[in-house]
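Asks: Each residue of the sequence shown is one higher than the one before, counting from 1 in full-length UniProt numbering.
Possibly wrong hints are sitting among the right ones.
Claimed, not checked - Pairs of lysine-lysine residues, derived as DSS-like cross-links and limited to a Cα-Cα distance of at most 27 Å, are as follows:
#1 Lys93 <-> Lys144
#2 Lys69 <-> Lys153
#3 Lys121 <-> Lys23
#4 Lys134 <-> Lys144
#5 Lys89 <-> Lys42
#6 Lys134 <-> Lys69
As the list claims (entries may be wrong) - Restraint ranges, calculated between C-beta atoms of paired labels, are given here:
#7 Leu148 <-> Pro116: 14 to 24 Å
#8 Ser125 <-> Glu19: 17 to 27 Å
#9 Leu131 <-> Arg13: 22 to 32 Å
Derived by calculation from the structure, the hints in this document are not laboratory data.
Quick reminder that beta carbons are idealized off the backbone N, C-alpha and C, glycines included.
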Amino acid sequence: MLDIPCGDFNWMRLVLANENAKKIKYIGGDVVKQMIDFNNDKYSSDNISFEVLDLTNSNLPTTDVIFCKDCLQHLSYEKVWEAINNITKSGAKYLLVTTYPKTLRNWDILDGDYRPLNLRKPPFSFTEPILSFKEKYSKDESDKTMILYDLSKTKLSEACLQSNFNDKH
Numbered sequence: 001m002l003d004i005p006c007g008d009f010n011w012m013r014l015v016l017a018n019e020n021a022k023k024i025k026y027i028g029g030d031v032v033k034q035m036i037d038f039n040n041d042k043y044s045s046d047n048i049s050f051e052v053l054d055l056t057n058s059n060l061p062t063t064d065v066i067f068c069k070d071c072l073q074h075l076s077y078e079k080v081w082e083a084i085n086n087i088t089k090s091g092a093k094y095l096l097v098t099t100y101p102k103t104l105r106n107w108d109i110l111d112g113d114y115r116p117l118n119l120r121k122p123p124f125s126f127t128e129p130i131l132s133f134k135e136k137y138s139k140d141e142s143d144k145t146m147i148l149y150d151l152s153k154t155k156l157s158e159a160c161l162q163s164n165f166n167d168k169h
């Protein structure tokens, strides 16, 4: 699996500590080289490694699943489309990604800002996911949800490109 952005590997390391997870080949990707160096020094093993990767333009490793948590809501529409196209080109089978289903209307931002992004609404208009689950937080009443797509059956980049075309014409 590719976890991008992986950040400091704080909570995913707990998931991968499970004995059953030893069968998973985990690649953590992030744009912050110092974080990748730290993670490799502290956590790398036979099945865990970290690489400097940019979701929008790096040649992503081919994996079964791309796990993209808490990323796209910080990117401009242009960068979100670049990320989706790059994910599609990667050859991954599945995408597990953050969305906010209660957001009724998306708006563009500058890269690095934040807004709750609903990938099922224009200009992205993703189809129904094969699985979704709401993230649970003890104090947060957010509707933050992870949605899973089978990339072999869903043309995410085509939907985004068509939606982008319709928004501009």
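Asks: What hint numbers does the structure not satisfy?
Replies: Failing hints, ascending: 3, 5 and 8.
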